[in-house]
Amino acid sequence: MPKVGMEPVRKKQLIEATLEVMAEVGYHGTTISLISKRAGLSSGIISHYFGDKQGLIEATMRHLLDALKITQRIDDPLERIDFIIENNFSQTQGASSATNTWFNFWALSLHNEGLHRLQCINHKRLERNLAFSYRKLLQPEQVKNAAASTSALIDGYWLRYSMGSVGNGDFSEAVARCKQYVRDLVAQYGR
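Residues 1 to 191 (the UniProt record's numbering) are what the sequence shown spells out, left to right.
Simulated from the structure, these hints should not be mistaken for lab results.
Hints may be right or wrong, so weigh each one.
Straight-line alpha carbon distances no greater than 27 angstroms define the calculated DSS-like cross-link-like pairs of lysine-lysine that follow [unchecked claim]:
{"no.": "1", "residue 1": "3", "residue 2": "69"}
{"no.": "2", "residue 1": "179", "residue 2": "144"}
{"no.": "3", "residue 1": "3", "residue 2": "179"}
{"no.": "4", "residue 1": "69", "residue 2": "124"}
{"no.": "5", "residue 1": "37", "residue 2": "124"}
{"no.": "6", "residue 1": "124", "residue 2": "136"}
{"no.": "7", "residue 1": "136", "residue 2": "179"}
{"no.": "8", "residue 1": "53", "residue 2": "37"}
{"no.": "9", "residue 1": "37", "residue 2": "3"}
{"no.": "10", "residue 1": "37", "residue 2": "12"}
Use the sequences and the hints to build the structure in full.
Here's what the structure looks like:
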């Protein structure tokens, strides 16, 4: 009989182990056995909590997506957009284990319905959160384009900086560029 209250602890252990294993060996090298060994748990616990490897991968992606949620109230729309930008370039999202998992996630989402659904949710959430703030800053006809462009800029810079083609994993320049883009939009199309 499992110990009461251990489920959240065990799930967290397995998700963290999944991030580490995927960072080391990629999705195709990731096995239930490697994950359970890394977590120091039996392989049967993965089936018990997640059903299978795919269920655990999806839970791992939800874990990364949850880290992007806005959990505090920010009334100033420009400060809110800054927070969104900073959050997308946070240490959590830029850690090598998270970075490698994101790369795998994006590739797999092209062919996996469950992961594709999570990617669509993430994309829509980012644009919706940006649009919410842009509505208070820009002329109405500029909001949708501004949200889509800012979202693409965040994703593009995150990808370039994560791959080390620029910035060597230091996101500070990417954050500054995204924030400057927002300020340029507000200066050009602001109310």
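Pairwise hint evaluation, residue 179 against residue 136, where the allowed Cα distance is 27 angstroms at most: Given that 27 angstroms is the threshold and the Cα spacing comes to 16 angstroms, the pair holds.
Pair hint residue 53 and residue 37, alpha-carbon separation not exceeding 27 angstroms: Roughly 14 angstroms separates the two Cα atoms, so the pair holds.
Straight-line alpha-carbon gap residue 3 to residue 179, limit 27 angstroms: Not satisfied, since the Cα-Cα distance of roughly 48 angstroms exceeds 27 angstroms.
27 angstroms limit on alpha-carbon distance, applied to hinted pair residue 37 and residue 124: At roughly 36 angstroms apart (the allowed maximum being 27 angstroms), residue 124 and residue 37 break the hint.
Restraint status (C-alpha distance of residue 69 to residue 124 at most 27 angstroms): holds (12 angstroms)
Restraint status (C-alpha distance of residue 3 to residue 69 at most 27 angstroms): Judged against 27 angstroms, a Cα distance of about 31 angstroms means the pair is violated.
Given pair status - residue 136, residue 124, alpha carbons within 27 angstroms: Distance ~19 angstroms between residue 124 and residue 136 Cα, so the pair holds.
Agreement of residue 37 and residue 3 with the hint, judged by alpha carbon distance not exceeding 27 angstroms: holds (20 angstroms)
27 angstroms limit on alpha-carbon distance, applied to hinted pair residue 37 and residue 12: holds (14 angstroms)
Satisfaction of hint between residue 144 and residue 179, Cα-Cα up to 27 angstroms: holds (17 angstroms)
Violated hints, in rising order: 1, 3, 5; the structure is consistent with all others.
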